[in-house]
Amino acid sequence: MSITVELTYDLAKALGSRRLELEGTPTLRQVLTLTRDRFGAEGAAFDRLTRVTALVVNGVIASRTHSLDIPLQAGDRVSFLKAAAGG
Amino acid sequence: MIKGYAGRILDVDLGSRSFAFQPLDENTARLYLGGKGYGTRLLYDLTPAGIDPLGPENPLIFATGPLNGSLAPQSNRFAVVCKSPLTGGIGSAACGGSFAFGLKKAGIDILIVRNQSATPVRLEIDGDRDSVTFLDATDLWGQGTRATQEALGKGRNHAVIGPAGENQVLYAGIVSDERIAGRTGVGAVMGSKRLKAVSVTGTRKLELEDQEKFNDYTKWLRKLFRSHPVLGEKLRRYGTMGIVNTTNARNILPTRNFKYGHHDDAMSVSGEYLEDHGLVGVKSSCIHCPVACGREVAVEGAGRVKGPEYETAALLGPNLEITDLRWVNEWNFLADDLGMDSISLGVTLGFAMELQERGLLQAGLAFGDATGVSDMIQDIAHRRGLGNELADGVKRMSERHGGAAFAMHVKGLELSAYDPRGSYAQGVEYATTNRGGCHVQGASMYFESTGPLTIDPQSLRLKAEIPVVQQNLACAINSMVLCIFTTYGMIPKQVHALDPKSRLYRTITYFFERSGPLYRLLMRLKLAPVTWFEKWLTYITGQTFTSGHLQEIGERIFNLERMYNLREGIGGAEDTLPHRMLHESTFPHLDSGHPLDQLLPRYYEIRGWDPQGVPLQRTLDRLQVRT
Ligand code: SF4
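Taken in sequence, the protein lines are chains A and B. For what it's worth, the working numbering labels the leading residue of the first sequence as 1, then goes sequentially. For what it's worth, the working numbering labels the leading residue of the second sequence as 1, then goes sequentially.
There may be inaccurate statements among the hints.
As the list claims (entries may be wrong) - A few chain B residues that face chain A, going by a derived Cβ cut-off under 10 Å, partial list only: (1) Phe134; (2) Leu231; (3) Thr246; (4) Gly261; (5) Asp379; (6) His382; (7) Gly385; (8) Thr454; (9) Tyr505; (10) Ile508; (11) Ala528; (12) Pro529.
What the hints assert, rightly or not - According to the in silico footprint, chain A covers these stretches of chain B (three or more CB under 8 Å from chain A): (13) 266-278; (14) 496-502; (15) 584-590.
To be clear, the hints were calculated from the coordinates, so they are not data collected in a lab. Source: prediction; values computed, not measured. A virtual CB, placed ideally from N, CA and C, is assigned to each residue, including glycine.
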């Protein structure tokens, strides 16, 4: 079992992949670091693209339920969330 | 007459082929503005309880409001009001396009169409000559909404139905240009009258109380809109489909007939994906709108057509386990051209697929398989074969075939594409909205799930308050009549720039969540016009409109709709959500669905209703709702 990280469209476009599979049970902080690492030298692009995003675990905004340092559970889905308007 | 109004109601009788112009009632306009509000007042007064929605006694009311014709951005909508054949209660839908503008230019605030024609008919209204011509429409009968409007020509503004309306599909809509008054089956009522089209022309000028102030303010506002993150940027760039990835991340994107709230491949039907794959153009489709949230896509055999909205992409996409945009584009075009509500269509197809999966129906449809869907959409519009059953919507389907637990409707109206299990205020709004399970009668989800500043969508805090305030506001906006998307502009761009991970963001949402009575109090203040719609109304009519005034007018309209439903036997028992929404969880930390039973009593209390959901007499007296 691993953690699935779902990216925003912009992140996915930059990385050429819509989601990442991370082995083990990393913390949210590690998820952020590991995702940023995928950008290699383009880390600044990651920072820019995630500046106004929330972290969501299984559909719930993470800051409400998770400390950045508590390990996630196997099978969890972490998503980067951007506000939007539809109708 | 109050400025902003043409001052006339056109009353047409299709049975006797006669018409009369009547004066608009100023007092009703003061109490209900126009649009949906005035239309509901008329429906209540003109009809007794228990009429057949598809019979001659159901009037079809097209209603504009004081903002229509003023050239204010997004002021292009008209409301359609009648008894709904889908729900049996209040029927109402709003539509962009250009018909509202045409009506106002013809010097008509409201058009009432009564009775039925024996043969297909269309109307040509000339506001300058005060004439109405009844024309044979046999040659147009059976034509799609696009071909019909092409045949009617460019010099007039049209409202038309397609084959779905002609065949009285219970969720048929009325189309103006490329926009549709989709919900509650208003197109079926037009079809029952054998009224194919209404075309209107005129050159009258609307008089505003303070044209100069209106012009100066609107000029300034257009600039503000252009730099707004939603109105000037996101909606323009991605259309409403730009929300797909957000609802998916939030676990509220209807998937597999709302069994799940997330689809692994949802990104393929998002506005961002469309921008990179097959977007042909960006267009408004609504007159005088600088936002231009419409998309243009190419569909084989049809050419360049209006692309899907979020609701359509979600409900004809992941809700059917389909994520190939080519199919979604094609089915969206079919729904528009045949003239039916793509929300009800998508939910009905999803329901049929689940019935098939459970062995309750042989529909030849399966989740994740596009085979047969295009044909079924045609069959629905023409009421052929099994399509004849799907044309009646999920409530009636479930009464025939079972599956009530997963029939996704409220009061008979199919649910929109925000799963309330992850958006509790939206769930309360769905349950209580008078026309049934719809999102644009408040859009509460913006404050808890999708917007730039969202409170916890799954706590109970503020989940009864937000729907009340938002439903009132939406009633007022649908009576001016403005596009509901105008409310997105109310949150300033500075808020959009806040990082949700920041302490400031968390502090603001913490206090907002706990603001309960204060929030309602602030919204009810009658200090000064603040938002553009308050200012526009003030400059146009010469009367002062504030947030408090709009809350009061909206509350009045909402209560009148409620009284209409009660008169039709639709009461508190119908203020509910589908079993699946109440009892099946889609979140691993929860073992049940939406906690409606914990929120409804508070909602009723705030509304000034009794525990059965009936407005108290003192509430009706306070609001001057005559019954
Ligand atoms: S924002 Fe979109 S739906 Fe609203 S009036 Fe403009 S183009 Fe029409």
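Against the structure, the hints come out as follows:
{"no.": "1", "hint": "Phe134", "result": "violated, 36 Å"}
{"no.": "2", "hint": "Leu231", "result": "holds, 9 Å"}
{"no.": "3", "hint": "Thr246", "result": "holds, 4 Å"}
{"no.": "4", "hint": "Gly261", "result": "holds, 6 Å"}
{"no.": "5", "hint": "Asp379", "result": "violated, 29 Å"}
{"no.": "6", "hint": "His382", "result": "violated, 29 Å"}
{"no.": "7", "hint": "Gly385", "result": "violated, 33 Å"}
{"no.": "8", "hint": "Thr454", "result": "holds, 7 Å"}
{"no.": "9", "hint": "Tyr505", "result": "holds, 9 Å"}
{"no.": "10", "hint": "Ile508", "result": "violated, 13 Å"}
{"no.": "11", "hint": "Ala528", "result": "violated, 27 Å"}
{"no.": "12", "hint": "Pro529", "result": "violated, 24 Å"}
{"no.": "13", "hint": "266-278", "result": "holds (count 5)"}
{"no.": "14", "hint": "496-502", "result": "holds (count 6)"}
{"no.": "15", "hint": "584-590", "result": "holds (count 4)"}
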